[in-house]
Amino acid sequence: MEEFRRKTPEELLASILRLRRGTLKVYVGPVSGSGKTYHMLREGHELRKMGIDVVICAVSTLQRPETIEQLGDLERVPSLRWRNNGAEYKDLNLDALLACNPEVVLVDDLAHRNRPGARFPTRLEDIRFLLGLGISVITTVNVYELAGYTELAHKLTGVEVNYSLPSDTLELADEVRLIDVTPETLLTRLAEGRLKGSPDPAVFQRGNLGVLRELALRLVADGVHESLRVYRERQGLTGPSGAAERILVSTQYHWNGSIYVRRGQQIAKRLNGELMVVTFRRMRWPLSWEAAAFRQSMVQLVDKIGGAFEELPFKSRRSLAADLLRYAAERRVTRIVMGHTKHTRWQELWQGSVVNTIMKASKHIDVFLVADRAEHEGERILPARLATDPEGDGYRRLGEVEVEARIGQIRRGRLKVYLGAAPGVGKTYTMLREGNDGLVKGIDVQIGLLETHNRKETIAQIGRLEVIPRKRTVYQGVMLEEMDTETIVSKHPEVVLVDELAHTNVPGSRHSKRYEDVLELLEAGISVITTLNVQHLESLNDAVEHITGIRVRETVPDRVLQLADEVQLVDVAPEALRQRMRDGKIYANAKVEQALSHFFQVGNLIALRELALREIADDVDERLESLERTSSLRGPWRRLESIFICVSDSPHAERLIRRGFRTAYRLKAAWHVQYVHVGPAIAEELRRRLDALERLTVSLGGTFGIAQARHAGMIADVLAAKAEEAGATQLVIGQDKRSRWRQLRQGSVVQRLIRRSRQRDVLIVADFDPRNGL
1 MEEFRRKTPE ELLASILRLR RGTLKVYVGP VSGSGKTYHM LREGHELRKM GIDVVICAVS
61 TLQRPETIEQ LGDLERVPSL RWRNNGAEYK DLNLDALLAC NPEVVLVDDL AHRNRPGARF
121 PTRLEDIRFL LGLGISVITT VNVYELAGYT ELAHKLTGVE VNYSLPSDTL ELADEVRLID
181 VTPETLLTRL AEGRLKGSPD PAVFQRGNLG VLRELALRLV ADGVHESLRV YRERQGLTGP
241 SGAAERILVS TQYHWNGSIY VRRGQQIAKR LNGELMVVTF RRMRWPLSWE AAAFRQSMVQ
301 LVDKIGGAFE ELPFKSRRSL AADLLRYAAE RRVTRIVMGH TKHTRWQELW QGSVVNTIMK
361 ASKHIDVFLV ADRAEHEGER ILPARLATDP EGDGYRRLGE VEVEARIGQI RRGRLKVYLG
421 AAPGVGKTYT MLREGNDGLV KGIDVQIGLL ETHNRKETIA QIGRLEVIPR KRTVYQGVML
481 EEMDTETIVS KHPEVVLVDE LAHTNVPGSR HSKRYEDVLE LLEAGISVIT TLNVQHLESL
541 NDAVEHITGI RVRETVPDRV LQLADEVQLV DVAPEALRQR MRDGKIYANA KVEQALSHFF
601 QVGNLIALRE LALREIADDV DERLESLERT SSLRGPWRRL ESIFICVSDS PHAERLIRRG
661 FRTAYRLKAA WHVQYVHVGP AIAEELRRRL DALERLTVSL GGTFGIAQAR HAGMIADVLA
721 AKAEEAGATQ LVIGQDKRSR WRQLRQGSVV QRLIRRSRQR DVLIVADFDP RNGL
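Numbering (the UniProt record's numbering), first residue to last: 1 to 774.
Hints in this document: simulated from the structure, not taken from any laboratory. Please note: incorrect hints may appear among the correct ones.
[Stated by the list, open to error] Mimicking DSS-like on lysine-lysine, the simulated pairs with C-alpha atoms at most 30 Å apart in a straight line are:
(1) K441 to K491
(2) K441 to K25
(3) K491 to K49
(4) K441 to K196
(5) K49 to K456
(6) K315 to K360
[Stated by the list, open to error] Simulated restraints, written as ranges between beta carbons of each label pair:
(7) L465 to G148: 34 to 44 Å
(8) D583 to L465: 24 to 34 Å
(9) A291 to T703: 27 to 37 Å
(10) R695 to W255: 43 to 53 Å
(11) K441 to F599: 31 to 41 Å
(12) D583 to G148: 31 to 41 Å
(13) W285 to A322: 19 to 29 Å
(14) A191 to G148: 27 to 37 Å
(15) H154 to R83: 24 to 34 Å
(16) I706 to E494: 39 to 49 Å
(17) W255 to R282: 12 to 22 Å
(18) A590 to A191: 28 to 38 Å
(19) L133 to L62: 25 to 35 Å
(20) A712 to R433: 39 to 49 Å
This structure is a prediction, so every number in the text was calculated from the model and none was measured. All C-beta atoms, glycine included, are put in the ideal place defined by N, C-alpha and C.
Work out the full structure, taking the sequences as your base and the hints as a guide.
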């Protein structure tokens with residue numbers, strides 16, 4: 001445990017200084033109107049209830065009713081008002097604050113610049129001054145007010161900022177919390193006149209709001225990633241965390257070097273990962289003229305695309321794989337990108353194969369082999385609209401089936417999902433609050449299924465919402481309760497609130513899973529607001545097991561999240577969440593210590609938070625691409641792709657399927673799963689296993705096939721032929737886990753398939769055993 005580790009003298013001194021210094025908490029949002037001040041004031045009231053001396057100063061309500069209501073009876077320290085060019089501004093009244101010496105100050109607009117002649121030129125310096133005196137501060141900032149993001153936001157949306165904060169500002173904060181909000185919610189607030197004093201109206205276009213939202217998500221995700229890196233180093237943990245991707249391109253000063261770098265860049269963008277490029281050279285030997293030219297162009301390219309470039313000494317061909325793997329492990333790389341080997345099988349046996357050695361030795365690192373076809377086809381960029389896209393012709397007459405589908409979409413209810421990193425972040429609380437807001441607007445909102453877990457704050461949020469009674473079912477002599485879907489359909493409210501989307505229903509229920517009940521409600525024209533934790537997403541099942549060591553059994557297919565009209569993150573910092581646990585606000589006291597020492601460990605919560613942030617950022621980016629591909633932060637992908645996943649009946653087959661799905665989803669590609677059976681009829685036990693793999697594939701939106709081979713030596717040929725039939729551009733395969741001796745005697749299906757697939761990209765997924773830890 002971190003708290004019992006012996007601290008170094010430097011850490012001890014830093015701890016003493018932190019005790020004297022006030023703490024800083026920053027609420028980050030995409031734009032003005034996202035709810036930062038609202039949440040800051042709510043926290044002020046919570047602190048006051050705990051007996052903490054809280055005051056507010058220079059808080060801007062912008063005459064928004066919900067924010068004004070949250071002011072309540074909080075003590076106010078008058079701000080210093082001044083005008084410039086007809087606009088009024090508020091400065092912190094430092095003298096008055098020092099006179100009352102509160103424990104916590106709530107102050108808006110971290111990026112504020114003070115009046116001429118003030119003690120400090122900026123609010124940031126005011127806050128530093130207060131922190132140094134032991135006064136804690138809670139404040140707010142928009143993502144585009146931070147240097148680095150200011151320029152990007154202006155380029156993408158046109159938003160103007162008079163003054164931007166230094167890029168390292170958030171490093172001062174003890175806690176950063178993102179206030180996520182969907183463009184739909186912001187546009188609704190704007191239409192209802194609840195966003196007075198908002199910035200340039202041009203920003204409040206759906207695409208621009210999506211871009212700024214994604215920037216905010218990625219800003220906080222990057223900060224969380226850095227805190228996870230520091231935590232893992234202190235714990236002595238090595239290898240990738242499972243929450244983020246780090247791509248390493250291994251290349252040479254050769255004509256195809258730029259192709260590998262570009263491919264690595266495309267992968268890093270689609271996976272939102274960091275990009276590193278490394279090359280090995282004999283340092284004592286001067287480069288040839290041609291190699292020097294390739295080196296110069298490669299260094300320029302890597303710098304242009306924002307990657308990191310490094311040269312390493314070439315010792316010998318035999319040590320190359322080990323040196324590359326050591327370098328990758330030290331930098332927590334998750335995927336190595338390199339070219340196919342050009343050697344024959346006999347050359348590989350005689351001289352050794354770098355690719356084969358890396359595949360065999362890498363435990364947590366995937367290997368991506370770039371197709372040889374790149375030399376002939378060059379880079380292939382996905383156009384804004386495919387030629388076969390039926391939406392391309394705005395005046396095309398729709399067929400009867402298409403008309404019925406459009407009508408069905410209009411009748412279908414809307415789905416909104418509140419996503420969190422873990423139980424207790426406040427998803428249900430936020431859902432109930434939105435339900436009550438709907439009642440105030442005259443919308444018929446009812447509760448279909450609510451799990452309060454006896455949390456007082458959650459129960460208090462029920463308010464005037466009607467709760468539809470649950471349906472009682474006797475199972476194995478025990479009375480159990482489930483959501484009464486039939487009654488909800490018959491009552492037909494406009495909106496129904498349904499908690500815990502991933503719940504498994506009692507055997508014999510109308511549907512086996514709650515998400516299926518929700519789909520029925522949507523088809524009946526009833527809108528649904530629901531809650532989900534990131535660990536319950538089917539395609540993240542392996543990543544969550546990697547992070548926590550726990551296999552989550554209740555999952556929801558990703559397609560359900562993709563169906564949602566809105567997906568919104570409820571974000572809480574890990575330490576704040578653990579404090580909620582200690583306070584008994586999540587689980588009963590008897591479960592607290594066990595939860596804190598298992599699932600709710602700091603490292604788990606940091607990694608899950610990063611996973612949730614990046615998942616929502618990906619979702620935002622996908623929606624931006626559906627609006628206009630040029631708005632996507634991750635840039636365009638290549639032309640139409642087809643992913644072909646080769647599986648056996650091993651326990652790792654599900655992992656390959658999930659990995660293949662996530663690859664296909666990010667590439668907007670068709671995907672297929674193929675199993676090859678050797679010998680006579682399929683045994684009953686194997687049939688059940690294959691049925692399970694097919695159910696998983698179909699639930700994620702892929703197709704599953706079974707082919708026949710007369711003997712094991714034909715498996716690679718059959719898979720290669722099936723990949724050709726499917727028009728596969730990328731293979732996804734697992735590592736060969738047999739001993740080298742068995743591979744020499746019997747041959748390796750993986751190596752044979754790679755040799756037959758040099759015209760395709762090949763992703764070799766690392767073999768990972770969660771029992772060995774992270």
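Hints versus structure:
1. K441 to K491: Holds, at roughly 20 Å.
2. K441 to K25: The hint is violated at about 33 Å.
3. K491 to K49: With a Cα-Cα distance of about 40 Å, the restraint between K491 and K49 is violated, given a limit of 30 Å.
4. K441 to K196: Satisfied, since the Cα-Cα distance of roughly 19 Å is no more than 30 Å.
5. K49 to K456: Holds. K49 to K456 sits at ~14 Å (cutoff 30 Å).
6. K315 to K360: holds (21 Å)
7. L465 to G148: 34 to 44 Å: About 43 Å separates the Cβ atoms of L465 and G148, which means 34 to 44 Å holds.
8. D583 to L465: 24 to 34 Å: holds (25 Å)
9. A291 to T703: 27 to 37 Å: With Cβ atoms ~46 Å apart, the hint is violated.
10. R695 to W255: 43 to 53 Å: holds (46 Å)
11. K441 to F599: 31 to 41 Å: Holds, since K441 and F599 (Cβ atoms, about 38 Å apart) stay within the stated range.
12. D583 to G148: 31 to 41 Å: Once the Cβ atoms are compared, 37 Å apart, the range 31 to 41 Å for G148 and D583 holds.
13. W285 to A322: 19 to 29 Å: Holds, since W285 and A322 (Cβ atoms, about 22 Å apart) stay within the stated range.
14. A191 to G148: 27 to 37 Å: Once the Cβ atoms are compared, 32 Å apart, the range 27 to 37 Å for G148 and A191 holds.
15. H154 to R83: 24 to 34 Å: holds (26 Å)
16. I706 to E494: 39 to 49 Å: For I706 and E494 the Cβ distance comes to about 46 Å; the hint holds.
17. W255 to R282: 12 to 22 Å: Given a distance of about 19 Å, which is inside 12 to 22 Å, the answer is holds.
18. A590 to A191: 28 to 38 Å: Check failed, 48 Å falls outside 28 to 38 Å.
19. L133 to L62: 25 to 35 Å: Holds, since L133 and L62 (Cβ atoms, about 29 Å apart) stay within the stated range.
20. A712 to R433: 39 to 49 Å: violated (60 Å)
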